[in-house]
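S.K.: Sequence:
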Amino acid sequence: MKPLFDFLLKLCILSVILWGVIAYGLAPGSVDLRSVFIAWAMIVTNALAGYLLFEYAFDKESQVFTKVVFGGLAVRLLVLMGLVALIILRDLAVINDFVLSFFAFYCIYVIVEILGYQRKNKQKKNAA
Numbered sequence: 040m041k042p043l044f045d046f047l048l049k050l051c052i053l054s055v056i057l058w059g060v061i062a063y064g065l066a067p068g069s070v071d072l073r074s075v076f077i078a079w080a081m082i083v084t085n086a087l088a089g090y091l092l093f094e095y096a097f098d099k100e101s102q103v104f105t106k107v108v109f110g111g112l113a114v115r116l117l118v119l120m121g122l123v124a125l126i127i128l129r130d131l132a133v134i135n136d137f138v139l140s141f142f143a144f145y146c147i148y149v150i151v152e153i154l155g156y157q158r159k160n161k162q163k164k165n166a167a
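Under this note's numbering, think of the first position of the sequence shown as 40, with each following residue one higher.
By construction, these hints were calculated from the structure, which means they are not laboratory data. One or more hints might be untrue.
Pairs of lysine-lysine residues, derived as DSSO-like cross-links and limited to a Cα-Cα distance of at most 27 Å, are as follows [as the list claims (entries may be wrong)]:
1. K106 <-> K41
2. K41 <-> K159
3. K106 <-> K163
4. K41 <-> K163
5. K159 <-> K49
6. K41 <-> K164
7. K49 <-> K99
Model the full structure from these sequences, guided by the hints.
M.R.: What follows is the structure, encoded as structure tokens:
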């Protein structure tokens with residue numbers, strides 16, 4: 040349970056830092072915060088789902104692990120693509136702010152997700 044708590048803690052700390060930069064580092068009104076929030080919520084949910092799938096599959100046999108982690112990645116990316124298409128086609132957000140935020144958050148949070156995987160693997164090796 041500790042790696043999951045560490046991952047959630049890192050997600051929270053990173054989110055607070057990023058929202059602090061957005062709130063205080065940008066000129067007021069230069070960015071549509073609703074569009075940024077939608078992108079952030081999608082990416083945080085994606086990262087959390089990815090880590091939870093990894094946690095679930097971690098002690099399973101290799102074939103199950105591969106199906107869960109990589110199949111989960113494919114499903115998560117398809118869901119994200121569908122949501123992005125829906126948001127763009129329905130004009131639910133300011134497109135430039137949304138897309139830029141989406142890619143920036145994805146790049147940042149995928150690193151946190153990978154570091155979470157590495158920490159879990161390292162912890163297992165140290166326990167053995």
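S.K.: Indicate, hint by hint, whether the structure satisfies it.
M.R.: Right, here's what the structure says about each hint:
no. : hint          : result
1   : K106 <-> K41  : holds (25 Å)
2   : K41 <-> K159  : holds (9 Å)
3   : K106 <-> K163 : holds (21 Å)
4   : K41 <-> K163  : holds (12 Å)
5   : K159 <-> K49  : holds (14 Å)
6   : K41 <-> K164  : holds (15 Å)
7   : K49 <-> K99   : holds (25 Å)
Hint compliance for this structure: every hint is met.
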